[in-house]
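Participant: Chains as they are written, first to last, in the working numbering: chain A, 95 to 742; chain B, 448 to 535.
Some hints could be false.
What the hints assert, rightly or not - Only pairs whose alpha carbons sit at most 30 Å apart, straight line, appear in this in silico DSS-like list of lysine-lysine: (1) Lys496(A) - Lys372(A); (2) Lys461(B) - Lys403(A); (3) Lys479(A) - Lys496(A); (4) Lys461(B) - Lys225(A); (5) Lys507(B) - Lys380(A); (6) Lys500(B) - Lys380(A); (7) Lys506(B) - Lys235(A); (8) Lys463(B) - Lys314(A); (9) Lys96(A) - Lys314(A); (10) Lys103(A) - Lys500(B); (11) Lys507(B) - Lys463(B); (12) Lys500(B) - Lys403(A); (13) Lys463(B) - Lys313(A); (14) Lys479(A) - Lys504(B); (15) Lys291(A) - Lys504(B); (16) Lys500(B) - Lys700(A); (17) Lys506(B) - Lys401(A); (18) Lys504(B) - Lys338(A); (19) Lys507(B) - Lys338(A); (20) Lys235(A) - Lys500(B); (21) Lys512(A) - Lys496(A); (22) Lys247(A) - Lys500(B); (23) Lys700(A) - Lys741(A).
As the list claims (entries may be wrong) - Computed spacing ranges between beta-carbons, pair by pair: (24) Lys530(B) - Pro365(A): 20 to 28 Å; (25) Leu531(B) - Lys729(A): 56 to 64 Å; (26) Phe325(A) - Glu484(B): 14 to 22 Å; (27) Val335(A) - Glu484(B): 43 to 51 Å; (28) Leu531(B) - His322(A): 20 to 28 Å; (29) Glu486(B) - Arg331(A): 35 to 43 Å; (30) Val628(A) - Leu531(B): 30 to 38 Å; (31) Arg593(A) - Glu486(B): 26 to 34 Å; (32) Leu531(B) - Lys314(A): 53 to 61 Å.
Said to hold, decoys possible - If you only want the chain A side, here are some residues facing chain B, beta carbon under 10 Å, derived: (33) Gln250; (34) Gly299; (35) Phe303; (36) Gly304; (37) Gly307; (38) Lys313; (39) Pro386; (40) Ala388.
None of these hints come from the bench; they were simulated from the model.
Quick caveat, the model's predicted, so the values are computed rather than measured.
We put the CB at the ideal spot given by N, CA and C, even for glycine.
Letter by letter, the chains look like this.
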Amino acid sequence: MKLNGYAGKILYVDLSTGSIRTEALDMEMAKQYIGAQGINTRLAYDILEPAIDPLGPKNAIIIGAGPLSGTPTPGATKVNLTTKFPLNGAIGTAAGCGFAPQLKWAGYDNVVITGASLRPVYLAILDDDVKICDASDLWGKDIREATDILRNKHGQDISTICIGQAGENLVKMTLALIDTISTLGRGGFGAVMGAKKLKAIIAGGDTGFGHHGIGISDKKHFQELLEHGMFRALSDRNRDVWVKCGLMGVSEAWYRNGILTYRDNRREVPPGDDTVAKYGIDAYMKEIEAIPWAPPSCITCDKSILKVKSGEFAGLESPQSLPPNSPLLFAIPYGLSMAEGLKGMDILNRHGIDVIDMIAIIDVLMDLQKNGLMTAEQMGIDLSKIDFKTLSKIFESIAKRKGFWETVGDGLPAIFEKVPEARRYAIEVKGLVPALDGRTSLGIETLGLLTLPRGAQSFSLVRSPSTVVPGIPPMMIRVLAGMYKIPLSAQKRIFRDGRCDLARFLPYVENHNTALNCAGLCFRFYFGRIHSPVVAAGFYSAVTGIKLSAEEFDRVGERVWNLQKVINVREGFDRKDDKFPERWLNEPIKFQGKDKWTMDYTGGEKVTQEKAEAMLNSYYEEREWDIERGIPTEKKLVGLGLKEAVKV
Amino acid sequence: MKPKENVKERTLIKRKMEIHPESCTGCLQCLMACSLEYEQVVNPLLARSSVIKDGGKVKKITLRNDCTFCGLCTSVCLYGARKLGRSS
Numbered sequence: 095m096k097l098n099g100y101a102g103k104i105l106y107v108d109l110s111t112g113s114i115r116t117e118a119l120d121m122e123m124a125k126q127y128i129g130a131q132g133i134n135t136r137l138a139y140d141i142l143e144p145a146i147d148p149l150g151p152k153n154a155i156i157i158g159a160g161p162l163s164g165t166p167t168p169g170a171t172k173v174n175l176t177t178k179f180p181l182n183g184a185i186g187t188a189a190g191c192g193f194a195p196q197l198k199w200a201g202y203d204n205v206v207i208t209g210a211s212l213r214p215v216y217l218a219i220l221d222d223d224v225k226i227c228d229a230s231d232l233w234g235k236d237i238r239e240a241t242d243i244l245r246n247k248h249g250q251d252i253s254t255i256c257i258g259q260a261g262e263n264l265v266k267m268t269l270a271l272i273d274t275i276s277t278l279g280r281g282g283f284g285a286v287m288g289a290k291k292l293k294a295i296i297a298g299g300d301t302g303f304g305h306h307g308i309g310i311s312d313k314k315h316f317q318e319l320l321e322h323g324m325f326r327a328l329s330d331r332n333r334d335v336w337v338k339c340g341l342m343g344v345s346e347a348w349y350r351n352g353i354l355t356y357r358d359n360r361r362e363v364p365p366g367d368d369t370v371a372k373y374g375i376d377a378y379m380k381e382i383e384a385i386p387w388a389p390p391s392c393i394t395c396d397k398s399i400l401k402v403k404s405g406e407f408a409g410l411e412s413p414q415s416l417p418p419n420s421p422l423l424f425a426i427p428y429g430l431s432m433a434e435g436l437k438g439m440d441i442l443n444r445h446g447i448d449v450i451d452m453i454a455i456i457d458v459l460m461d462l463q464k465n466g467l468m469t470a471e472q473m474g475i476d477l478s479k480i481d482f483k484t485l486s487k488i489f490e491s492i493a494k495r496k497g498f499w500e501t502v503g504d505g506l507p508a509i510f511e512k513v514p515e516a517r518r519y520a521i522e523v524k525g526l527v528p529a530l531d532g533r534t535s536l537g538i539e540t541l542g543l544l545t546l547p548r549g550a551q552s553f554s555l556v557r558s559p560s561t562v563v564p565g566i567p568p569m570m571i572r573v574l575a576g577m578y579k580i581p582l583s584a585q586k587r588i589f590r591d592g593r594c595d596l597a598r599f600l601p602y603v604e605n606h607n608t609a610l611n612c613a614g615l616c617f618r619f620y621f622g623r624i625h626s627p628v629v630a631a632g633f634y635s636a637v638t639g640i641k642l643s644a645e646e647f648d649r650v651g652e653r654v655w656n657l658q659k660v661i662n663v664r665e666g667f668d669r670k671d672d673k674f675p676e677r678w679l680n681e682p683i684k685f686q687g688k689d690k691w692t693m694d695y696t697g698g699e700k701v702t703q704e705k706a707e708a709m710l711n712s713y714y715e716e717r718e719w720d721i722e723r724g725i726p727t728e729k730k731l732v733g734l735g736l737k738e739a740v741k742v
Numbered sequence: 448m449k450p451k452e453n454v455k456e457r458t459l460i461k462r463k464m465e466i467h468p469e470s471c472t473g474c475l476q477c478l479m480a481c482s483l484e485y486e487q488v489v490n491p492l493l494a495r496s497s498v499i500k501d502g503g504k505v506k507k508i509t510l511r512n513d514c515t516f517c518g519l520c521t522s523v524c525l526y527g528a529r530k531l532g533r534s535s
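Based on the sequences and whatever the hints tell you, model everything.
Facilitator: Next up, the structure:
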């Protein structure tokens, strides 16, 4: 029997044979895994054979919408992508804004794409009319150009997942963009699509939206929860500034706390007040106009279509997922203007290159040149001084895989193979660069970057609330523990001797945010505050009619987290890969004129190698995993109903 | 039913709706709430209004002839793109 909230179908597409078929969604599986990341992970466990080539036809692109996607539940915007990522070989789930509602209105919960086409194609999911279409006119075009063509052909209301030239050229430091704005799949999703010769996936109906209607079981309860969510959103004191200028609204707090604000390959955080004066909201808004943009059901939009007001790039219009990228990644480290930064972002977005890895790798290469380990001649570009022209040349060389830059485009693991000394200058977890730095903020968000099975994803996708950062008193974290419904027995372990053991807190946050992802909900801070386990489980119950308690809701998150870990254990990942980056433990960062080391903030002590190991021990112990190997135990898996996963 | 074009303000049974497409972010809460209320399922095509986009940006918001100005869409719009009032 089909449940409300679900479209009830999984679409299977084999690009090698051209076969397209649908299967009814197994409602027992839906109950066990909720949907989106949960069902994706289960499908990945079944479909992805161990040790396959991420760029080969056996890798699958699994896309999932949650049961709340396509309903007015606040923040039900997220689409989940699960695949084997080529940059580091991990199997994981990435989330992006949009696409999921349109997929549900077209009549599908999940899509599984396997095989590889011989010629460029795009997949059109238009209600019952699903077809593999010729994309020879799109191949070679950037994401914005290709999306414009698709919108003009299929209607402005379709949603698109599209790759740029870098993905076509199998550059591993790539991702795809949803509706030209939201990033999806850091770590090489662009190359996975490129290897399948799949330029884009579109969802909708014959002239825009699909025709499938999503039922809601308990309309009255849903309405009450919706009102609660809207009230919480409107009463957030920062909402106005977020709506006005997107995530740029939080930039000044970041500058002051040294979050994402680095210079000289993360050796220094520029002074906060100076940075606010030069790159704060007022300075930014003088140069850039922001047009707020939201995917369906996002009631606190943080994305914007940005427009340069004057100067060399006057009139440049660029949709941006993270508006502060221009000052944070270009203006502050390299002294470029914010307009130049936006132009740089625009070039990377159009090509589908991941900016976080990109900028961090340039810093590593600059260090290699400075220390005589690489020469400008070897690289073909002199990195002794970075200006806008140099950056443009680098971006083009990476997208086109020119000379030495072919290696660079494949990310840090490829660079380490070629230049082993680069390890000394890099900060990475499982080959991906963490956007946050442990030395300026070792809150749950940063710790979560180490334990994420997929590697250090970007800032926004960390499975933890950005409310837990240094400076938050343990009492405040205790309030959060109550909101997260952490059992009292666990709270006793977490809060001891006036301090908070963040490593023991982390699993509960990971479980909850994974459950939110499974439902199709966003867990950025403003939605995280709305969707406590009680509220999120309430929305799920009201929509589907399946009564689920807050504890049961988060238990699904725990099940999915364990299963995705098992899949990666199958790929050879274990405790050795969850390690702290060496520079976080061995080198301070200059912050407000002083050397700042990685600290356990609530305990007030420096994190040494020994302490770092102890923190990981606490995490695995709280997860009831094998501490030595850092992997789920048989007992844990059986307890979560994952008996079949024990054999791994 | 064909949507009416360029609707900025309409009056009916002493109600008016001000529409500000420039404030609309495209979140579609209005259309989803409308279809749920009147068609019992969520789908923007079933709403008595449309949000018309071009190149990812909202260009126009229209109302269908069977819109009764019940105000549900205005109550779920948190961006100020729709406002309900009494007509003079």
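Participant: Please go over all the hints and tell whether each is borne out by the structure.
Facilitator: Each hint tested on the structure:
Straight-line distance between C-alpha atoms of Lys496(A) and Lys372(A) comes to about 36 Å, which puts the hinted pair past the 30 Å bound. Distance restraint check for Lys461(B) and Lys403(A): the Cα-Cα separation of roughly 42 Å exceeds the 30 Å cut-off, and the hinted pair is therefore not satisfied. In summary, the hint linking Lys479(A) to Lys496(A) is supported, as the alpha carbons are separated by about 21 Å, within the 30 Å threshold. The suggested pairing of Lys461(B) with Lys225(A) is violated, with an alpha-carbon distance near 49 Å, which exceeds 30 Å.
Under the criterion of a C-alpha separation no larger than 30 Å, the hint pairing Lys507(B) with Lys380(A) is consistent with the structure, at around 28 Å. For the proposed pair Lys500(B) and Lys380(A), the alpha carbon gap of about 27 Å is at most 30 Å, so the pair holds. Under the criterion of a C-alpha separation no larger than 30 Å, the hint pairing Lys506(B) with Lys235(A) is consistent with the structure, at around 26 Å. Under the criterion of a C-alpha separation no larger than 30 Å, the hint pairing Lys463(B) with Lys314(A) is consistent with the structure, at around 27 Å.
Distance hint between Lys96(A) and Lys314(A) is fulfilled; the C-alpha atoms sit about 21 Å from each other, no more than 30 Å. Restraint check: the Cα-Cα separation between Lys103(A) and Lys500(B) comes to about 28 Å, which is no more than 30 Å; the hinted pair holds. Of the supplied pair hints, the one linking Lys507(B) and Lys463(B) holds, its CA atoms being roughly 17 Å apart against a limit of 30 Å. Taken as a hint, the Lys500(B) and Lys403(A) pair is honoured in the structure, with Cα atoms around 23 Å apart against an allowance of 30 Å.
Taken as a hint, the Lys463(B) and Lys313(A) pair is honoured in the structure, with Cα atoms around 27 Å apart against an allowance of 30 Å. As the CA atoms of Lys479(A) and Lys504(B) are separated by approximately 38 Å, the hinted pair breaks the 30 Å bound. Between Lys291(A) and Lys504(B), the direct Cα distance comes to roughly 29 Å. Compliance with the 30 Å bound is thereby established for this hinted pair. Our distance criterion of 30 Å between C-alpha atoms is broken by Lys500(B) and Lys700(A), whose separation comes to about 53 Å.
Straight-line distance between C-alpha atoms of Lys506(B) and Lys401(A) comes to about 17 Å, which keeps the hinted pair within the 30 Å bound. Proximity of Lys504(B) to Lys338(A) is assessed by CA-CA distance (about 16 Å); at most 30 Å being required, the pair is judged to hold. Only pairs whose Cα atoms come within 30 Å are accepted, and Lys507(B) paired with Lys338(A) is accepted, the gap being roughly 20 Å. Restraint check for Lys235(A) and Lys500(B): satisfied, since their Cα atoms lie roughly 22 Å apart, inside the 30 Å limit.
A C-alpha spacing of about 16 Å is found between Lys512(A) and Lys496(A), which places the hinted pair at or below 30 Å, so the restraint holds. A C-alpha spacing of about 14 Å is found between Lys247(A) and Lys500(B), which places the hinted pair at or below 30 Å, so the restraint holds. Note on Lys700(A) and Lys741(A): the hinted pairing is violated, with a Cα-Cα distance of about 40 Å set against a maximum of 30 Å. Remark: the range hint 20 to 28 Å for Lys530(B) to Pro365(A) is contradicted by a beta-carbon distance near 44 Å.
Take Leu531(B) and Lys729(A): their Cβ atoms lie about 58 Å apart, and the range 56 to 64 Å holds. For the hinted restraint 14 to 22 Å between Phe325(A) and Glu484(B), the CB-CB distance of approximately 19 Å keeps it satisfied. The hint said 43 to 51 Å for the Cβ distance between Val335(A) and Glu484(B), and at roughly 32 Å that hint is violated. Judged by the Cβ atoms, the range 20 to 28 Å given for Leu531(B) and His322(A) holds: they are separated by roughly 22 Å.
A C-beta distance of roughly 37 Å is found between Glu486(B) and Arg331(A), which places it inside the suggested range of 35 to 43 Å. A C-beta distance of roughly 32 Å is found between Val628(A) and Leu531(B), which places it inside the suggested range of 30 to 38 Å. For Arg593(A) paired with Glu486(B), a C-beta distance near 54 Å fails the hint of 26 to 34 Å. Between Leu531(B) and Lys314(A) the beta carbons are some 22 Å apart, a value that contradicts the proposed interval 53 to 61 Å.
The restraint placing Gln250(A) at the interface with chain B holds, with a minimum CB-CB distance near 5 Å, inside the 10 Å limit. The beta carbon of Gly299(A) is positioned within 10 Å of a beta carbon in chain B (closest approach about 7 Å), and the interface hint is therefore held. With a cut of 10 Å, the hint placing Phe303(A) at the interface with chain B holds, because the nearest CB-to-CB distance is about 5 Å. For the restraint placing Gly304(A) at the interface with chain B, the shortest Cβ-Cβ distance is roughly 8 Å, inside the 10 Å limit, so the hint holds.
The restraint placing Gly307(A) at the interface with chain B holds, with a minimum CB-CB distance near 3 Å, inside the 10 Å limit. Annotation: Lys313(A) was flagged as interfacial toward chain B, and the flag holds, the nearest CB pair being 7 Å apart, inside 10 Å. With a least beta-carbon distance of about 5 Å to chain B, the hint placing Pro386(A) at the interface is held under the 10 Å criterion. Because the beta carbon of Ala388(A) sits about 4 Å from the nearest beta carbon in chain B, less than 10 Å, this interface hint is met.
Consistency note: the structure conflicts with the earlier hints numbered 1, 2, 4, 14, 16, 23, 24, 27, 31 and 32.
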